[in-house]
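Visitor: The task is simple: from the sequences and hints, build the whole structure.
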Amino acid sequence: MTDTTEIDPFAALQDKEPPKPPRSQWLDVWDQFKKHKGAVFGGVFLIFITLAVLFGPYIWTVDPQNLDIRNKNVRPIWAALFDGDAKTMWSRPFGTDNLGRDILSNMIAGGRASMAVGWTAMLLSLIIGTFVGVVAGYFKRLDGVLMRLTDLFLSLPILPLLLVAVTLFRQPLRANFGPEGGMFILIVVVVGITSWMQTARIVRGEVLALKEREFILAARSIGTTNGAIIRRHLLPNVVSPIMVSATLGLATAIITESALSFLGVGFPSDFPTWGKMLADAVPRMEEFPERVLLPGIAISLTVLGVNYLGDGLRDALDPRIRGR
Amino acid sequence: MLTFTIRRLILSVPTLLFISLIIFMLLQLAPGDPMAQVPLTVPPEVKQKMREALGLGAPIYIQYLKWLYQFFIVEPQFLIDWMTRETVLFGWLPDTQLSMVYDADLQRLVPQQRVISWQTRSAVMDIVIQRIPQTLWVVGLAYIVGILIALPIGIYSAYKHYSVFDQTGTFVTMIGFSIPPFFTGPLLIVIFAVTLGWLPSIYDTTHTVNDWASFKYQMQQMVLPVMVLALQTTAQISRFMRASMLDNLNQDYVRTARAKGLKESVVVLVHVLRNSMIPVITVIALGVPSIFGGAIITENVFGVNGIGQLLITALFANDIPMVMTLTFIFAILIVFFNLIADVLYGVLDPRIRYD
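First to last, the sequence lines map onto chains Z and A. Quick note on our numbering: the first sequence kicks off at 95 and runs consecutively. Quick note on our numbering: the second sequence kicks off at 155 and runs consecutively.
Hints are computed from structural coordinates only; laboratory data are not their basis. Among the clues, some could well be false.
Okay, derived cross-link-like pairs now, SDA-like style, lysine to any residue, Cα gap no bigger than 25 angstroms in a straight line [as the list claims (entries may be wrong)]:
1. Z:LYS166 <-> A:LEU341
2. Z:LYS128 <-> A:ASP320
3. Z:LYS234 <-> Z:GLY321
4. A:LYS314 <-> Z:ASP405
5. Z:LYS128 <-> A:GLY323
6. Z:LYS128 <-> A:LEU341
7. Z:LYS129 <-> A:LEU341
8. Z:LYS131 <-> A:ASP401
9. Z:LYS131 <-> A:GLY330
10. Z:LYS131 <-> A:PHE325
11. Z:LYS166 <-> Z:PRO362
Small disclaimer: the values here were computed from a predicted structure and weren't measured.
Guide: Here's what the structure looks like:
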């Protein structure tokens, strides 16, 4: 009486290949990120600028400090297009300034300073902000104190205080670390300790929510110490807001450094930065507009790129937006 | 709501005191001698006397308390005296003599010691009061212009999400967000003042308005600084406006309103806009102090002699009382507008009740 309809009893037990290879979370993030054209442009431009200022001095080997007074006020090469009489030289593609210093190599050196200040100050403010945020979110006893401190810092007038600090502490730091080193430390520290508050607030909010989740409870129930919970379980989960605020921090740090240089309280006069080149060029911008435009465009494009990168990262790292 | 406001007001007092302490200590730590400019022929004992006259001989905490007393008690007294003496509004009241104290040696009333600028040897607040109108005109107008441009852009680009207008608007606001004012300033000067010659490049603060031509000139010279400041404001606020509108446009109550057969303009401009304005208004309030800070650079570029430029010159001249007072005024602005933003949030959004 056995029926002939064949039921393959093993079909359910067979371990079939999954139709698609499994995708990691970061691949999804990358796919979403690629959709944001501006963000891709921003990322590529940031990488390009960073590489250019890192390796530029080895490719374009003209000394930025070299005073070539015979070839001063050379116009950039494209000035010859609309003005045949303009003084241009192929060996000085971006022209020279009023002391005969090559503008291309100055741009590279200035970008080095701006990017170095930007990255270091951003890292410093991230470290402070993440530390304060995690401690405030995780340890209830410190929460009140630390958040009041954050509020206090948020109500400080940042730009006036920056100006005060940089003008007043220039001399002693210069004496101890040399004119450039002292100024670098001063600007980085001052920008770092006045821009960590947003990161701290965001991280605290995330940590407060994460702390109540089951996996933290599980970790605690097997006897994980507080330090290990923070390192192994909390920090990896707050990486995405930290990355987004990192991009914002980089943009602010670059702008702040340039603003300080522009107001004449930044690096010493023979040390080029984009802000200082721009400030030096302003009095003669009617005759030589390119000297204002070049550093100005460099600052603006870098900041624009970083801001777009931040926008794209925020969209890509947000699971609610991803895949839409 | 009232209790919340009062509690916040009281809480802002220690905040301000703490900020003033931070600024004071920062300035104390800094090296620099106000007597550095005095000629070397002046004998040291005279220099010592001059130092004491500036209040420098006393211990630090006495100097700090004295500054607090002068800023919070003496200066308002001078203000009240001035108002009852010279203004129309309070001039009918009998003249007050709050700021005067009886001097036993001279046998008459003498004015109290005020916060004195080391640069000019005149009262700091007098100079600040002279400079504030210039800043307020430029900064205030720029802020209003920026908001008026930003709101329609934000509303329309959220309504036409992903349209060409939205894409362009987002791109332009991103650019406005990224280009620093110390670049837009010179750029606009090159374009409008140098190449086209339409507008003056330097702001002339001695210019007085008494007829139509001078009024026109005043407007012309305000265009460039206002444009620079308004560009930044527009960028920030229209981004917020767009995001806030986008949040609200997908809500259920919007569908209900449309289902009721309301006109599209009513749905967007009444229902959605009113709800979207709640966070935007707080952002507008929070942005006021930061635009004062940003005006430091713009004033420097265009030569507007407002309080930002006053701060820079005071800093370079090592004029500690002036720097202290100005920085503290910026801090008061921040704390005050934070308070306003918090209170407004509660007033506008009935779901948020603080007490």
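Visitor: A separate judgement is required for each hint: does it hold in the structure or not?
Guide: Hint-by-hint comparison with the structure:
no.	hint	verdict
1	Z:LYS166 <-> A:LEU341	holds, 23 angstroms
2	Z:LYS128 <-> A:ASP320	holds, 20 angstroms
3	Z:LYS234 <-> Z:GLY321	holds, 15 angstroms
4	A:LYS314 <-> Z:ASP405	holds, 20 angstroms
5	Z:LYS128 <-> A:GLY323	holds, 21 angstroms
6	Z:LYS128 <-> A:LEU341	violated, 33 angstroms
7	Z:LYS129 <-> A:LEU341	violated, 33 angstroms
8	Z:LYS131 <-> A:ASP401	holds, 23 angstroms
9	Z:LYS131 <-> A:GLY330	holds, 19 angstroms
10	Z:LYS131 <-> A:PHE325	holds, 12 angstroms
11	Z:LYS166 <-> Z:PRO362	holds, 22 angstroms
Hints 6 and 7 from the earlier list are contradicted by this structure; the remaining hints agree with it.
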